[in-house]
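**Student:** So you can see what is in the structure, the chains are spelled out below.
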Amino acid sequence: MRPPVALKSVTIGILMAGSTWGAPVTINTALPVGSGEFVARGMIVVSQSGEDPGPADRDHSATSLVAVLGYGVTHKLALFGVLPWVEKDLELTEAGSRVSRTASGLGDASVFARYTLVQHDNPGRTFRIAPFAGVKAPTGDDDNRDMLGRLPPSVQPGSGAWDAFGGIVATYQTFALQADGQMSYRVKSEANDVDLGDELRVDGSLQYRLWPRQLGDGVPSFLYGVIESNFVHRDRNEVNGSDDANSGGTTLHISPGLQYVTKRWIVESVVQLPVVQNLHGNALENDYVLRAGVRFNF
Amino acid sequence: MNRIVLVLIGVSWLSIAAWPADHEVVDVSVTGLACPFCAYSVEKSLSKLSGVDSVTVDLAAHQVRVVMQAERTANLQQIKQAIVNAGFTPGEASTSTAQE
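Going down the list, the sequences are from chains A and B. For the first sequence, our numbering begins at 1 and goes up steadily by one. For the second sequence, our numbering begins at 1 and goes up steadily by one.
Extracted from the complex, chain B is given alone in its bound form:
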C-alpha cells in the first residue's frame, strides 16, 4: 500500500514538473531603428537584462519581442531603458503570456 502511495506521489510530482510554464512576452515598438547592425545593438542591450529568455527584432514592423523566463525579474521600465541605452527610442508596449 505504501509503495502504491509513493508511486502516485512520484507520478504527481513528475506531472507538475513537466507542466508547461507561462512565459511573459513583451512587444515593444522601437523608433529610429533602420539597419541590421542597429538591430543587434538592441538585441544585445535587452539580452543583458535579468530574466530575458530571448529577443527578436522585426525591422520592418518596428517591433522588438522580448520573451521573459518563467520567473522574470526585468520589468517594462527596464526593457524600455535598455532600448534607450542601445541608442533608440521605445514606444508603445504590450504584454501577453505564452506557454513553453
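Chain A on its own, in the form it takes in the complex:
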C-alpha cells in the first residue's frame, strides 16, 4: 500500500510549523524567543485526501493534535520540541468490499534548534534571518495491526524512521504586515523496508493587519489576514530497495486564514487548499488541510 504523498507532505508540515511565535501558521518564523522564556503552541490539523484514480477508491483522513514548546536558551538561540498525537483512517475497496483501517496514538516527536544570524531592528520594524536544524525521532508506533494484518505506513501513527532536517527562515515585520520566507530540506531514513523520499520545501507567508486600522496607546490586539503558500517536492519512496512509481511528486498549497494576536495568546486558523499536485503514478491527492490553534506566551 503506497502512502498518500500529499498527505504525508502536509504531515511533515505540521512538524515544520513548530515555531510558537505569532506569525506564520504553517511554517517557522525568525522572530525571537526571549532568553529564559517559554512559549507554547497547541494545534489541531485535519487533513482529507481522496480523489483516488485507482479502483481501490481510497479515502484517507487524518486528525493531529500537535503540542509545541519553545525555549529561549539565549535571545538568539531557541530550542523547540514538537509532539503530535494522530488519528488516521484509510477506507478502501479490497476484493470487492469496503474496508476501513484505523490507528491512533502518539506520533513522531521532533526537536530542533534555531539561531538568529541576522537581526536588523528599526523603530516599529525588524528583519531577521535564522537557520534551523533538527531531527524527528521514531517515537510513534509503526507496527499497528488490525484483522487484515499490519497496517500500511500511511495509517501508522509513527514512521519508525529517523529524519534530519534543516533550513533557513527570513522574517520582515512591521506594525502593518509581516512577511516570512522559508526553505528547508528533510532527509529521511529507512524503516520497515520503506525509505520515504527526501523532501524539499519552499514556503511563504504574508500577514496583513486588518484591525485596528490605527494603532492606539499601549499594546492593542491585532487581527491579521493571512495568506501562505507551501511548495513541496518529494523524491520517490524506496520499497525493498526499489523505487515506488506511485510515490513522490510536487504539490503547492495556498492557505488563506485569520489570526488574532494579543499580548499573551494567539488564536488562528487557515485552510490549506491544493492548487498544484503533480504526483507520480496514482498517488493519492490531497483535498484540503484545516489548521486551527492557539499559542501562549507565559
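Keep in mind that the hints were calculated from the coordinates and are not lab data. Hints are not guaranteed to be accurate.
[Claimed, not checked] Which bits of chain B does chain A cover? Going by a derived footprint, with three or more residues having C-beta under 8 Å, they are:
#: 1; segment: 31 to 41
#: 2; segment: 50 to 59
#: 3; segment: 71 to 81
[Stated by the list, open to error] Computed footprint of chain B on chain A; a stretch qualifies when at least three of its residues, placed anywhere within it, have a C-beta under 8 Å from a C-beta of chain B:
#: 4; segment: 35 to 41
#: 5; segment: 123 to 135
[Said to hold, decoys possible] Think about it this way: if two alpha-carbon atoms lie no more than 30 Å apart in a straight line, the pair counts; the simulated BS3-like pairs of lysine-lysine are:
#: 6; chain 1: B; residue 1: K48; chain 2: A; residue 2: K76
#: 7; chain 1: A; residue 1: K76; chain 2: B; residue 2: K80
#: 8; chain 1: B; residue 1: K80; chain 2: B; residue 2: K48
Built from N, CA and C at the ideal position, the CB exists for glycine as well.
Given the coordinates of chain A, work out where chain B should sit on it, guided by the hints.
**Tutor:** Okay, now just chain B, sitting in the frame of chain A:
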C-alpha cells in the same frame, strides 16, 4: 506631659510613614518591536529585574516605561540588557521621578 509627647511622636512617625515615596521612572526606546506578542516578551524580561514595580509598553511610540520601586536595585544597564535578552534592541533612555 509624657503622654502628650508620646502622642506627638506617634503622629510624627505616622506622617513620615505615609509620606509619598519617590519612584524612579525609566523610559527606554525599543526598536524591532512590532507586534503584541513581542511586547509581552519585553514586559516579562523587564519584570524579572529586581526592584521593578511595573512595566508598560507603548507599541506605536516604540517606548517602554519601567517604574522602579522606591528602593530600586536595577540600573539602566540591566534594563537595557533585559530588553536585549527579550530579543530586541534598546535605544535612548531617560529617567524621571514620580511620587506614589
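**Student:** Please list, smallest to largest, the hint numbers that this structure does not respect.
**Tutor:** 3
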